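From just these sequences and the hints, can you work out the full model?
First to last, the protein sequences are chains P and E.
Those letters in the first sequence? Residues 3 to 266, per our numbering, in order.
Those letters in the second sequence? Residues 26 to 194, per our numbering, in order.
Just so you know, these hints were derived from the structure itself, not from any lab.
Since no wrong hints were added, every one of them can be taken at face value.
DEER-style ranges, computed between Cβ atoms:
id, chain 1, residue 1, chain 2, residue 2, range
1, E, Gly94, P, Pro10, 44 to 54 Å
2, E, Arg168, P, Gly22, 13 to 23 Å
3, P, Glu39, E, Trp50, 35 to 45 Å
4, E, Arg93, P, Glu34, 42 to 52 Å
5, P, Gln153, E, Val171, 33 to 43 Å
6, E, Pro147, P, Arg53, 12 to 22 Å
7, P, Pro141, E, Val171, 44 to 54 Å
8, P, Gln265, E, Asp119, 33 to 43 Å
9, E, Trp50, P, Ala193, 42 to 52 Å
Keep in mind the model is a prediction, meaning the values are calculated, not measured.
We treat Cβ as the ideally placed atom computed from N, Cα and C, and that holds for glycine.
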Amino acid sequence: MHDSTPRPINDNDLHALADGRLAPQHAQALRERLGAEDTERLAAWELQRERLRTLHAGMAQEPLPEPLRSTAARLQERQDRQTLLWRWGGMAASVLLAFGLGWTLHGQWPPGHTGSATPLASAQRFAQQAAVAHAVYQPEQRHPVEVAAAQQEHLVQWLSKRLGRSLTLPVLTAQGFELVGGRLLPGENGARAQFMYQNAAGQRITLYLGALDGADTGETAFRLHADGPVPAFYWLDQGFGYALSGPLAREALLALATAVHQQL
Amino acid sequence: MEHHRIIDHVPALRRYARVLTGDAWAADDLVQDTLERACRKWLLWRTGSNLRAWLFTLMHHLYLNQRRGALPSPTLDIDTLHEGLAAPPSGTDDALDLERCLLRLPAEQRAVLLLVALEDMPYADAARVLQIPVGTVMSRLARARVRLRELMEPATQAAAPPTALRRLK
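Written out as C-alpha cells, the structure is:
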C-alpha cells in the first residue's frame, strides 16, 4: 500500500474500477494515477456499463408469467424442505439427508431385492469399491491410468462401449483439476470405469462409475462414504452409480461432486 | 440481507436471458427450463450457498446445450436482421441499438459482459457460473468491452455529439 514504486496499471485494474469492485480508497488512489488514454478508456467502459444496466430495467417490476411463478413456488417448497434437513443435520447433513430421503423420495430407492442385497447395501458396497480402486491406483507414478488424457476421445469411446452407455467426461478445470486419464475395472455387474484427475498440488481424485443393481429409477442425493481408505461421495442416477473419491475435506469433495453431477 | 427466496431471483434471470438470447419468448423458455431443472437437481443446492450463482449456473448449462443443439444459422440471421433493422432513422432507440450490437458479440463474451455489468456479479461468481477460470473471465470481458465499443461507435457518432466516449487527440 505504501510502495514507493507502485506497480503499473493494467487492464484488470480498469475493469475493476469500471465495475466498482475496489474499495473506495483504493479506487481513488488508482484513478489519480491513470494516464490520459486509460482515463478515456475507463470513461467509455463506465458509460457502456451504465447503458447496459438500463436494458430492460423495467422487467424487475413486471408481473411474472404464471408458469414461471408456479415452477418457482414448486422449487421453493423443495428448497425449504432441504433447508430444514440441513438445519437438523448440521455437518452430518449428508448422512441425515440419506435417511431423510427414504421418507421424502420413497420411490427412488426401490424396495430391496431378495436377501441382503438391498439397493442401499449395494450402493454402499459400490462406494467402498470406488474408494479401494482409488487407493490402489492413486499412488501409481508410471501407470496411474490405462488411457491418458491426451487420447481423451478414444478414452470416452472405449469406456462408453464397455459400459454400454454414452459417457461424458466432466471438466473440472475451474476447480483446479485436470484429467489424467481413465481405466476399465471389473465390478459386480460388469464393467466399471475410473477417471482420474489431478490438481497443481498433485492431489488426485477419481470418479468411479458403472451400472448398479437397483439403481434403475430416478436419482438420489449425495451420500458420504467415510469408512474407506479415502472419503467418497456417491450417488445414483438412472441406473448408474457414481462415486467421487479423494483425500480432500468433505466440503471440497462435495463441491467437486456437485460440479461432476451437473455435467453428467 | 441476501435474497433467499427463489421468486426474488426470477426477474433477474428473465432479464439476463432476455438480453442474452435477444428474444423474449426464448428467454422465458430458458428460465422455465432452468427452474424445472432446479426442481430436479434441488438436492444439490446447499443451504447458505449462493442461490443466485447456482440458478445462473444451471441456466448457463441449458443455454450452452441449446446452442450446441441449434443449427449454426442464428448468427447469420442476426447479421441479416441487423442489416434489415438498420433502416429506421438512426438514434431513435439507443437501447435497441445496444441490444443489436450485443447480439453481434460472440456468445461467450456476451455472457461474461452481461453477468459482470448487467447483473453486477463479482468476477469470481461469474467464473463459477460459466465454469471457467477467473483469468478467462477477465480476458473475455476485455475483448467484449473493446468489441462492443467498436460496434457501437458508428451509431454513437451518428447520434448525439460524442462526449466522453470519443475524444480525439
